[in-house]
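From first to last, the protein sequence lines are chains A and B. Each residue of the first sequence is one higher than the one before, counting from 35 in this note's numbering. Each residue of the second sequence is one higher than the one before, counting from 91 in this note's numbering.
Derived BS3-like pairs: lysine-lysine, alpha-carbon spacing no greater than 27 Å straight-line:
{"id": "1", "chain 1": "A", "residue 1": "K76", "chain 2": "B", "residue 2": "K133"}
{"id": "2", "chain 1": "A", "residue 1": "K584", "chain 2": "A", "residue 2": "K516"}
{"id": "3", "chain 1": "A", "residue 1": "K287", "chain 2": "B", "residue 2": "K133"}
Estimated spans, in silico, between C-beta atoms of each pair:
{"id": "4", "chain 1": "A", "residue 1": "G589", "chain 2": "B", "residue 2": "D113", "range": "54 to 60 Å"}
{"id": "5", "chain 1": "B", "residue 1": "A190", "chain 2": "A", "residue 2": "D45", "range": "23 to 29 Å"}
{"id": "6", "chain 1": "B", "residue 1": "R149", "chain 2": "A", "residue 2": "A145", "range": "38 to 44 Å"}
{"id": "7", "chain 1": "B", "residue 1": "K191", "chain 2": "A", "residue 2": "K136", "range": "26 to 32 Å"}
{"id": "8", "chain 1": "A", "residue 1": "L352", "chain 2": "B", "residue 2": "L213", "range": "58 to 64 Å"}
{"id": "9", "chain 1": "B", "residue 1": "R120", "chain 2": "A", "residue 2": "R105", "range": "55 to 61 Å"}
{"id": "10", "chain 1": "B", "residue 1": "L213", "chain 2": "A", "residue 2": "P334", "range": "26 to 32 Å"}
{"id": "11", "chain 1": "A", "residue 1": "A333", "chain 2": "B", "residue 2": "L213", "range": "20 to 26 Å"}
{"id": "12", "chain 1": "A", "residue 1": "P543", "chain 2": "B", "residue 2": "D113", "range": "45 to 51 Å"}
{"id": "13", "chain 1": "B", "residue 1": "R149", "chain 2": "A", "residue 2": "K136", "range": "41 to 47 Å"}
{"id": "14", "chain 1": "B", "residue 1": "A216", "chain 2": "A", "residue 2": "E112", "range": "33 to 39 Å"}
{"id": "15", "chain 1": "A", "residue 1": "K362", "chain 2": "B", "residue 2": "D113", "range": "54 to 60 Å"}
If you are wondering where the hints come from, they were derived from the structure by calculation, not from laboratory data. Virtual Cβ for every residue (Gly too), placed ideally from N, Cα, C.
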Amino acid sequence: MPDTHFYRYDDYDRALVRERVEQFRDQVRRRIAGELTEEQFKPLRLTNGLYLQLHAYMLRIAIPYGTLSSRQLRKLAEIARKYDRGYGHFTTRQNLQLNWIKLEDAPDALAMLAEVDMHAMQTSGNVIRNVTADHFAGAAVDEIEDPRIWCEIVRQWSTLHPEFSFLPRKFKIAITGSPNDRAAVRVHDIGLRLWRNEQGEVGFEVIVGGGLGRTPMIGKTLRAFLPKDELLAYLEATLRVYNRYGRRDNLYKARIKILVHEIGAEKMREEVEAEYAATRHSALKLAPEAIDAIARQFAPPPLRPKRTRVPEVEALKLENRAFALWLKSNVAPHRVVGHAIVTASLKPAGAPPGDASAVQMEGVADIAEAYSQGEVRVSHEQNLVFPHVAIEALPAVYRALERLGFAEANVGKITDIIACPGLDYCALANARSIPVAQSISTHFASLARQHDIGDLKIKISGCINACGHHHVGHIGILGVDKNGLELYQISLGGDVDFGNTALGAILGPAIEADKVVEAVDALVATYLDARAEGERFVDTYRRIGAQPFKERVYGNP
Amino acid sequence: MEILKEEPLPPEVPTLVLPNTEDVMKLGDRLDGVRLIILDFPKFTDGRAYTQARLLRERLGYSGELRASGAVFIDQLPFLLRCGFDSFASAERGFGEALAKARTLFSVVYQPTGDGRATANELRLARRSAVAA
Ligand code: HEM
Ligand code: SF4
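Generate the whole structure from the sequences, applying the supplied hints.
Now the structure itself:
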């Protein structure tokens, strides 16, 4: 039996990654010897995942489609221990960041990654970035087809693409295989959604020009149905149009969303379709055997149906309230009877979201080996997922997670906050983010209260670059600077889940830091008073509008 | 500035010098008889000429000399070669030696381009049918 249920490198993939490490080793040597200027070196290191921060280099490691084997996770822990301070940070884009890498160590760290068939290529820079996918892929009940097959095909095609390695700006692709989009495909440069048409064929809806950042936009559907084997031809056509016409005069207008906005979706479609017509029958068309060879490697693990009602689980539910709540918020249905998908919360109250120590990573790897077919996923909510857990193993998994501090029953709840690094770590920030997240999570620490409030996503960014995705938070909080004061602007109604993508609308004037918790409390109280049976916060907001929330936060005028 | 190319051309060859904003698909008869096209990299981070090069080679069937000029450095070579450039104007020290090595720097490629190299997928399929046979 193979040790993984996802793509395994063959000798071609391995050779390329190794050669890339050696190329970078030589580039680092030339930089240190002064043969390369920092200006020349910068794009070279960025496309190898090396980012220069305020105090040190940061290495951003790709976790393609968010899928890791326990063996890979152990290696990440080892690298964090050897070359960093024993910590890593899981990001919203299914990457792992190490914050204290030394330039001269970077090639060795990359060589260690290559030992477990991993790399840091194209996690930064103006290139096609690590392709992201639904973190429940291959396990979700509602899935039409595993999107990771297509992520892997795109990963290979985009790796060292000779034509698209100097794009106007970075380029992010996300793929979902479920009608309930868990990959935020409408806020990516290209989002791909697999669906089945009336003839019963599966193909892609191609969505182009979405994104957050300074100018948030929801992507436009350029093509409602694309045959799967023509995916690369269509992607190459789209990227070619972008490479030719995307703006390069202004950093903030260089993303494809601005091009689509400026020329219009109609014109964009015309250009892409013309280019596609010229290449669709080229070598880019995928042979059925090539698709099959990759698809076979994503064959699901051979799980046998098991009991769904397990006496030990029922007993623990009665005895331990936190476990009962955890079952509700952190455990999702699996397609095989008697199994579940478990989310480990990387948001324990008061800790920086997404951080994990080397010891915690190894603990997660142990759990994956014992209970989840040796597999772990990284979610775009910065949590870790065990995709294949038997229901009878849930008590053991819960206890093991408790020991790691990752058992908080808060997935999707008000304390499952996404916050960017903000003023504490980031030179571009207007305001702090993490302390705001911490004060909210402390205020709402009671699990019973969180579960009563139900699903509510708070997302916090320290400036308009929107790393915290505040535009798509049910409650979005944005740090702004008014005459040197750190203020926070609140928006409501953003969403990226389940195909309901919407951008939040600003509620009113920005408020001071010490008023944020009070304001969130007022928003929650308004919802609790007004909610109808089964409504989430964002549903109530959509039904009753902003006015009642506004009055409660700002008082009656 | 050194000009590196496989076979030197006489100085008076019919030449086209194009900015990277030029739509090469609209060159029409301006391409007739041309034996050298010089494409520009105003900054090495501006990658428009890669697309121009592939369109010239793969769509328009241009087979004359294709030269990269401007901000052309060693580390772009693997990409330039794959897009169809076969001549380079670069002031960088060591460029000549780097050019000699650039073709073998990566033994594997994933994308089909006009350079004729077999992609990883093509090699995999060939290997599989060899095993099957
Ligand atoms: C010191 C740290 C950081 C700095 C200086 C920084 C800077 C930036 C800047 C300037 C952008 C805007 C780029 C653009 O508009 O094209 C951006 C985007 C982004 N950042 Fe950060 N960032 C930092 C840390 C982080 C962290 C830790 C995360 C994730 C946990 C993150 C996630 C993102 C995401 C997802 C975007 C993209 C928004 C979009 O493309 O729509 N950033 N960042
Ligand atoms: S949103 Fe702004 S403050 Fe936050 S990490 Fe990004 S650039 Fe920094």
